[in-house]
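Chemist: Those protein sequences? They're chains A and R, same order as listed.
Heads up: the first sequence begins at 1 in our numbering, then just goes up one per residue.
Heads up: the second sequence begins at 272 in our numbering, then just goes up one per residue.
A couple of the hints might just be wrong.
[To be verified] Only pairs whose alpha carbons sit at most 35 angstroms apart, straight line, appear in this in silico DSBU-like list of lysine-lysine: (1) A:Lys11 with R:Lys345; (2) A:Lys11 with A:Lys69; (3) R:Lys345 with A:Lys162; (4) A:Lys11 with A:Lys78; (5) A:Lys69 with A:Lys162; (6) A:Lys162 with A:Lys11.
It is worth saying that the hints were derived from the structure and are not from the lab.
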Amino acid sequence: MANVVVVTSGKGGVGKTTTTAALGTALAQTGQTVAVVDFDVGLRNLDLVLGAERRVVYDLINVVQGAAKLQQALIRDKRIETLWLLPASQTRDKDALTDEGVARVIDELRQRFDWVLCDSPAGIERGAQLAMRHADAAVIVTNPEVSSVRDSDRIIGLLDAKTERAERGERIAKHILVTRFDPARAARGEMLGIADILEILSLPLLGIIPESQEVLRASNLGTPVVLSDPASAPARAYTEAARRLEGEDVEIVIPAEKRGLFTKLFGRRAA
Amino acid sequence: MRTAVNSKPRPRPVRFRGRSYMAFALAPELPVADWLADIDGALGRSPGFFAGRPAVLDLAGLTLAPTEIAAMIKELEARGIRIMGLEGGDAAVLGSELPPLLTSGRGVATSESAPEPAPDPAPEPAPVTRPSRPTAQTGSLTVDMPVRSGQTIYHPHGDIIVLGAVSSGAEVVAGGSIHIYGALRGRAMAGANGDRRARIFCRKIEAELLAISGYYRTVDDLDVSLRNRPIQAWLDGETMLIAALD
Chain A
1 MANVVVVTSG
11 KGGVGKTTTT
21 AALGTALAQT
31 GQTVAVVDFD
41 VGLRNLDLVL
51 GAERRVVYDL
61 INVVQGAAKL
71 QQALIRDKRI
81 ETLWLLPASQ
91 TRDKDALTDE
101 GVARVIDELR
111 QRFDWVLCDS
121 PAGIERGAQL
131 AMRHADAAVI
141 VTNPEVSSVR
151 DSDRIIGLLD
161 AKTERAERGE
171 RIAKHILVTR
181 FDPARAARGE
191 MLGIADILEI
201 LSLPLLGIIP
211 ESQEVLRASN
221 LGTPVVLSDP
231 ASAPARAYTE
241 AARRLEGEDV
251 EIVIPAEKRG
261 LFTKLFGRRA
271 A
Chain R
272 MRTAVNSKPR
282 PRPVRFRGRS
292 YMAFALAPEL
302 PVADWLADID
312 GALGRSPGFF
322 AGRPAVLDLA
332 GLTLAPTEIA
342 AMIKELEARG
352 IRIMGLEGGD
362 AAVLGSELPP
372 LLTSGRGVAT
382 SESAPEPAPD
392 PAPEPAPVTR
402 PSRPTAQTGS
412 LTVDMPVRSG
422 QTIYHPHGDI
432 IVLGAVSSGA
442 EVVAGGSIHI
452 YGALRGRAMA
462 GANGDRRARI
472 FCRKIEAELL
482 AISGYYRTVD
492 DLDVSLRNRP
502 IQAWLDGETM
512 LIAALD
């Protein structure tokens, strides 16, 4: 049975899609079967980031509405054969998703894959709520800025209220992934430090992805950063984050920040 | 800003509070004359039924001219029923002479759905019946997780204890005092029903707003030396005082 993980943030443009692609790829590289699902109906991007945009025939909406079988809509990655994409529809909107249809699709994916990663649309409305609805775990993508952190906080509140698990009285596992982190700017106080973010959100940290041109270049090439340049700092950070998502205990190093802060951080992880 | 002209340094704060009341909603039926006759019949059986109770006229499903509504209100007033507001009408049609239009009313269970042969004297309006935990009605409410942005914790009849932080954009509203064993970054409103003895305690003050019994202060008014420290806030007359706890 799969682990269903929603990648969400509240705010747009913080790196949800990049993160979904990178984590999905990193997990699939270990030989586990992974499905990445684009819930951003009407503004689909995950196909581009994975370089599969010219292979989309059927999409999530077709499957939700029963017009196509899941089998027909899933696109297998050309580089990693355990990675599959379920694209969103670009011509429809989020109203085309039905509660029952999404439940059925997620259920079917659960039977077939080890991991199901749902790329949530921005916002807190229906689309985002449907993407998180059936999740067992959540990766909350946050940039080191106050607006992003506050929106993440709002989304965490929804994860504790609007998911199927929350409604059964259970908690879903929640992890913070800080993206676009610039150690120099953080040191100058121009962006929030990691300790500040974790203090506000009071959740464990999954990883810190440094700000890097490499990420942007990889997205534009249609290759997730973990494949395009595996030795680069963001690629290593994503690979380690994927290992932590699997439950492995991997030490977190804050890029070029003082040692003292790092120790603080580690104490916090237990919280 | 700080050029205080008179001896009072702080301007008197404006005071406002939210409150909810229970009112009877009367739904007239056409023809109005027959409906009024029914009311007369009910009042005959139980004369004090409407005495001292606010009533709202529910106009949903009726199309009456403002003059007809005004006439109906006069008729009801003659029977000792004072109409404090209208419901279900069209604001554009109703003039400013009529009572104000109320929205988002909710039905509550009353023990007396119709004036039955009188239980004398007319009983007090039944309290809102709520099936939830009766102890929580008057006791304190403990919240053992952070209050996230966008969430509101509302506990009108006692204290609220929050074990985590209250985030920016979150709101904690208590009838009694508020105790926060974490950072307060959102809003805290104690004494929401007018209890002036209510206090607010928190371990780290970064609040957007503090209010006690309708008197409020924003973080901009807060002394810089208090920021990020544990504090308590209380009312002294009409001034909210904030002091460090450490």
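Chemist: Taking the hints in turn, state whether each one holds.
Modeler: Against the structure, the hints:
Restraint check: the Cα-Cα separation between lysine 11 of chain A and lysine 345 of chain R comes to about 55 angstroms, which exceeds 35 angstroms; the hinted pair is violated. With a C-alpha separation of about 32 angstroms, the suggested pairing of lysine 11 of chain A with lysine 69 of chain A holds against the 35 angstroms cut-off. Simply put, lysine 345 of chain R and lysine 162 of chain A have alpha-carbon atoms about 49 angstroms apart, too far for the 35 angstroms limit, and the pair is violated. Only pairs whose Cα atoms come within 35 angstroms are accepted, and lysine 11 of chain A paired with lysine 78 of chain A is accepted, the gap being roughly 31 angstroms.
Taking the CA atoms of lysine 69 of chain A and lysine 162 of chain A, the gap is near 28 angstroms; set against the 35 angstroms cutoff, the hint holds. Proposed proximity of lysine 162 of chain A and lysine 11 of chain A is supported: the alpha carbons are some 18 angstroms apart, at most 35 angstroms.
Of the hints listed earlier, those the structure fails to meet are numbers 1, 3, in rising order.
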